[in-house]
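Chains as they are written, first to last, in numbering that gives the first Met the number 0: chain A, 0 to 181; chain B, 0 to 742.
In case anyone wonders, no lab produced these hints; they're calculated from the structure.
The beta carbon of each residue, even a glycine, is placed where N, CA and C say it ideally should be.
There may be inaccurate statements among the hints.
Stated by the list, open to error - Cut-off 30 angstroms, straight-line C-alpha distance, at most; resulting in silico cross-link-like pairs (DSBU-like, lysine-lysine):
no.	chain 1	residue 1	chain 2	residue 2
1	A	K168	B	K573
2	B	K192	B	K47
3	A	K160	B	K540
4	A	K168	B	K407
5	B	K577	B	K635
6	B	K443	B	K185
7	A	K160	B	K627
8	B	K737	A	K160
9	B	K443	A	K168
10	B	K708	B	K737
11	A	K160	B	K594
12	B	K571	A	K160
13	B	K737	A	K114
14	B	K68	B	K247
15	B	K185	B	K47
16	B	K407	B	K561
17	A	K168	B	K449
18	B	K443	B	K540
19	A	K5	B	K737
20	A	K168	B	K561
21	B	K540	B	K592
22	A	K160	B	K635
23	B	K47	A	K160
24	A	K160	B	K624
25	A	K160	B	K561
26	B	K594	A	K168
27	A	K160	B	K185
28	B	K737	A	K104
29	B	K573	B	K635
What the hints assert, rightly or not - Here are the computed distance ranges between Cβ atoms for each label pair:
no.	chain 1	residue 1	chain 2	residue 2	range
30	B	N560	A	H148	34 to 40 angstroms
31	A	L137	B	Y642	47 to 53 angstroms
32	B	D227	A	Q171	26 to 32 angstroms
Here is what each chain is made of, one letter per residue.
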Amino acid sequence: MSSNDKIHGWAVNLINDSYLKSIKDGTSRKLPSPPGFKGAISKKDAAPSINNKDLKDFQIQRSWEIATQPARSIPMNMFMSYMSGTSLQIIPIMTALMLLSGPIKAIFSVKSNFKPLLGHKNGITENEIYCHMLVYILFQVALMLIGLHKLYSMGLFPTTKSDWVSWEKPIQMLDSLQIFMF
Amino acid sequence: MSMKLFVSSVLVLINAICVQCVYMDEAYLTDWHLANIGEYRCVFDSQKKDKLIILSEIDEGTVITYLNKTDGTPTVRQKLSSVVDDVLRYGDNDIYFKSGNDYIKFNDEAGLDYDVVTKNLTSLNSICSPNSQNIKMDKNNIRVIDTDSNLELMNVKLPNNFTSFVYATTDGIENLSVLFTTGELKYMFQNYKNGNITESWERNESLTDIVAHAYVTLPDLELLQTSDEILAEYTLSNPIFAYLHRIKNNINRIISFIRMNRLSPGTILTNILFSDTVDGSETIKTKQNFKFGFSKLLIVGTKRGQISALDILNGKPLWNLHPLDKKIVSIEWNSSSKEFIVVYETGQYFAYKLTDFYAPIQSFNGSLKSQVRSINLLDDSSTLYVNYKSGDKEIVSLSKSDDLLQNKVIFITDHNERGLSGHMQNSTDKIMNTWKIDIPKNEKLVAYAKRIDEPIANIGVVTGNRTVLYKYLYPNLVSYAVVDKETKSLYIDIVDSVTGSVLYTQKHDDSVNDKLPINMVFGEHWIVYSYFSSNPIPEQKLVVIELYDSLSLDVRVSDPNKTYNPLDGIYKPKVITKSYFFPEIIKSLQLSKTKFNIASKAILIETQDGQMSYIPKYIVGARRKEEKLMTDDDKKEFMAAPYNSNIPSNDHFVITHSRQLLMGNESIISSVATNLESTSIVCNLGHDIFCTKIYPSSQFDIMNPTFEKGKLLLTIVIMSLVLFFIRPRMTIKQLKTKWMVRD
Chain A
0 MSSNDKIHGW AVNLINDSYL KSIKDGTSRK LPSPPGFKGA ISKKDAAPSI NNKDLKDFQI
60 QRSWEIATQP ARSIPMNMFM SYMSGTSLQI IPIMTALMLL SGPIKAIFSV KSNFKPLLGH
120 KNGITENEIY CHMLVYILFQ VALMLIGLHK LYSMGLFPTT KSDWVSWEKP IQMLDSLQIF
180 MF
Chain B
0 MSMKLFVSSV LVLINAICVQ CVYMDEAYLT DWHLANIGEY RCVFDSQKKD KLIILSEIDE
60 GTVITYLNKT DGTPTVRQKL SSVVDDVLRY GDNDIYFKSG NDYIKFNDEA GLDYDVVTKN
120 LTSLNSICSP NSQNIKMDKN NIRVIDTDSN LELMNVKLPN NFTSFVYATT DGIENLSVLF
180 TTGELKYMFQ NYKNGNITES WERNESLTDI VAHAYVTLPD LELLQTSDEI LAEYTLSNPI
240 FAYLHRIKNN INRIISFIRM NRLSPGTILT NILFSDTVDG SETIKTKQNF KFGFSKLLIV
300 GTKRGQISAL DILNGKPLWN LHPLDKKIVS IEWNSSSKEF IVVYETGQYF AYKLTDFYAP
360 IQSFNGSLKS QVRSINLLDD SSTLYVNYKS GDKEIVSLSK SDDLLQNKVI FITDHNERGL
420 SGHMQNSTDK IMNTWKIDIP KNEKLVAYAK RIDEPIANIG VVTGNRTVLY KYLYPNLVSY
480 AVVDKETKSL YIDIVDSVTG SVLYTQKHDD SVNDKLPINM VFGEHWIVYS YFSSNPIPEQ
540 KLVVIELYDS LSLDVRVSDP NKTYNPLDGI YKPKVITKSY FFPEIIKSLQ LSKTKFNIAS
600 KAILIETQDG QMSYIPKYIV GARRKEEKLM TDDDKKEFMA APYNSNIPSN DHFVITHSRQ
660 LLMGNESIIS SVATNLESTS IVCNLGHDIF CTKIYPSSQF DIMNPTFEKG KLLLTIVIMS
720 LVLFFIRPRM TIKQLKTKWM VRD
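Please take these sequences and the hints and turn them into a complete structure.
Laid out in structure tokens, this is it:
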């Protein structure tokens, strides 16, 4: 790359630790640090690293949280769907449809929801949180059922006889007879 | 919940008020009324100035009419239940009506004094015939003579069509008023001052006492073209081709529309904007009337044998025929041959062709074998079912080309006051009797109705919880009502008209009054009848019987895949019935007719006080329950209302509004469908003629005249302009953000 060739020497040296040590003239090293600057943190002072067991416990806890998160919105959605009644209006229909489409999207993106927990060297693996994913899906299905129930109670599903009665043929009479009533 | 129901019923009521009443701006525009007087029996001056009093006959009574002398419009018409033979003057001011041997005192201001007086007859003289001493009449000259000097004060020549005098009066100085006939039931009034006409008007009373009628719909060419196009689509096998065919037709229509407006955008725009406004031009209105099927002829036949066609929208007479001075029995219109047949009581018949609807041409005439009692046309043919006065029955084909009798068996149900009878005829044999229901001597048939023959819109009633109650839709049903004259009970029977079997019977044992009218109508799967009974309290009652396949929900008895033969008999219906009180005495009932039978049926009511109103069928429902028995689901049903024994007489449903009808006992209410499903034309024909339009389910298929077409068009234009300019800018903007370029 031609642009790399043009990088100034000081800029390269600035991030090169060995360059500092290689400087013969020690003045720059002996200069006192600016007030409030504590210098490089030593290994001793560093926070204690989380051991593998704790990390796993923490991740499982997090994973449960993610899995049960949709459950928290179930009571609210139930209440909302109860309060908005069964009359056919565009807004209740839209919310009910959203209750259907939201969970479907969430179920398809279940892996990406749990992704932040995976990928640690010593953390949990995908196999260990399958049941969490299943719980997550179950709660989403529950949300979906609320939406379905709402649509059903609005009478939007053609499940009753009255929805099909228009297609039923009326009683048929023999037409070779001509009947008149006066 | 009851609160909710109350609110909803209030809303329904408000809705009803808003859409169903006759508004001030519609009254006298959508309806017209021919207020007839009839044949003038006696004409005399009222004590009120500028008023004439005319007595005429109606049924077994007399009509007293106050007429404006200045323009000939009747101000008050009042029916008197006895026939007035003569009007006599006693002294200067007292006027007596002579009715048989009774004398009834009549007072202009106070009306009739019903105390019957017997006076010394010597000093009474008749004021009915114009016999003033100072008026001399000969041929069509009238002379006023001064009684003292015997000098002629005035000599007036009356018009040439003058036939006879009805009334003449003079003050003996300079004024002369005269009323005379100028033809059968045509009257002319003239007022002279010193030999010059000051006032003149005419009244035509020939359209009184209507006994037969027919409706003729004038075809709309545009609609015919559209239906031809749709038929052409049916002939194409492929739906895609059919769709392309339709698109092609629509494009052609747009092109011809643009061409018609001579390519000028201004005219096109005004045409779009103002084509159906309320105050649109006369031609637009006529076009619309054709399109909506409002353009119809009402052909009426009178007791005196006159046949007239009236414009059903305004009552304007279009043509008159008077082939015979006899009572007309029936007028039958045959739309396929564009012919109507008029049958007279004597058996003579005349057929007229309406190639041009405004000029009838006689096509044939003839005579049936004897005097006719009633006539009915069999379908769209010129075959008649004739009921002779002698009791004979016959099927007569008036034109030889008719093949109705070929290869088909005809079943006929007939009725008279003595009972019902079924008849059958196949090929050219004589008519045979199949069944008979005789009514015992102590009973009489008071009402009869046949089931309407209209398209079926829905075969079930959808209940509140979305289940179905299947209607009983067997088509060949008649019903009748019989009163036992001794026990005063009313029996209602529903009969299968082919086999004559009684399918359902119902009895009312509450002292039925058989002197007052008893009426019955038979709708799709229900019967409504009215009667007056005096037990427990004297009230007008309105009863509904609804027939269902089964009373269990979602259970259908008839098999949709089976073809039923009516000769095999039919299963019996399941029945629900309810009674209601109605606040006025019902004179007659009829059902409204619409094109597809989708709009709610209206039960048209003529009350005895000369008003017409209607009740939507769902008000007279047999499935209405008391409020405490109603479940939440019940309340969800269409137009569900808790049962209330009283059906109030709602002013908003009175279609005659401020008019006063005088129809006579034999009046006919009839309804005819228009091309608009919401609209039905209703006429009441008898002594008067009254026609109006009703909208039993409100005008759901016509755009509100106040609909802001202009604003809608403007919005569309603005939106498309905005899109036109914004769209390219949007794409540029999106491109720039992708390239992270700032403007």
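30 angstroms Cα cutoff - pair K192 of chain B, K47 of chain B: Holds, because 20 angstroms separates the two Cα atoms, which is no more than 30 angstroms.
K443 of chain B paired with K185 of chain B [C-alpha distance capped at 30 angstroms]: 40 angstroms, violated
Pair hint K168 of chain A and K449 of chain B, alpha-carbon separation not exceeding 30 angstroms: Given pair K168 of chain A, K449 of chain B holds - Cα atoms ~23 angstroms apart, limit 30 angstroms.
Given hint K737 of chain B paired with K5 of chain A - CA-CA distance at most 30 angstroms: Cα-Cα ~29 angstroms, so holds.
30 angstroms Cα cutoff - pair K160 of chain A, K624 of chain B: Judged against 30 angstroms, a Cα distance of about 23 angstroms means the pair holds.
Hint consistency between K443 of chain B and K540 of chain B [alpha-carbon to alpha-carbon, up to 30 angstroms]: 19 angstroms, holds
Straight-line alpha-carbon gap K573 of chain B to K635 of chain B, limit 30 angstroms: 24 angstroms, holds
Outcome of range test on Cβ distance (L137 of chain A, Y642 of chain B; 47 to 53 angstroms): 49 angstroms, holds
30 angstroms limit on alpha-carbon distance, applied to hinted pair K708 of chain B and K737 of chain B: Since the Cα atoms of K708 of chain B and K737 of chain B sit roughly 42 angstroms apart, the hinted pair is violated (cutoff 30 angstroms).
30 angstroms limit on alpha-carbon distance, applied to hinted pair K168 of chain A and K561 of chain B: 10 angstroms, holds
Hint consistency between K160 of chain A and K594 of chain B [alpha-carbon to alpha-carbon, up to 30 angstroms]: 27 angstroms, holds
K160 of chain A paired with K561 of chain B [C-alpha distance capped at 30 angstroms]: The given pair, whose Cα atoms are some 20 angstroms apart, holds under the 30 angstroms limit.
Checked against the numbered hints given earlier, this structure breaks hints 3, 6, 8, 9, 10, 14, 23 and 27; the rest are met.
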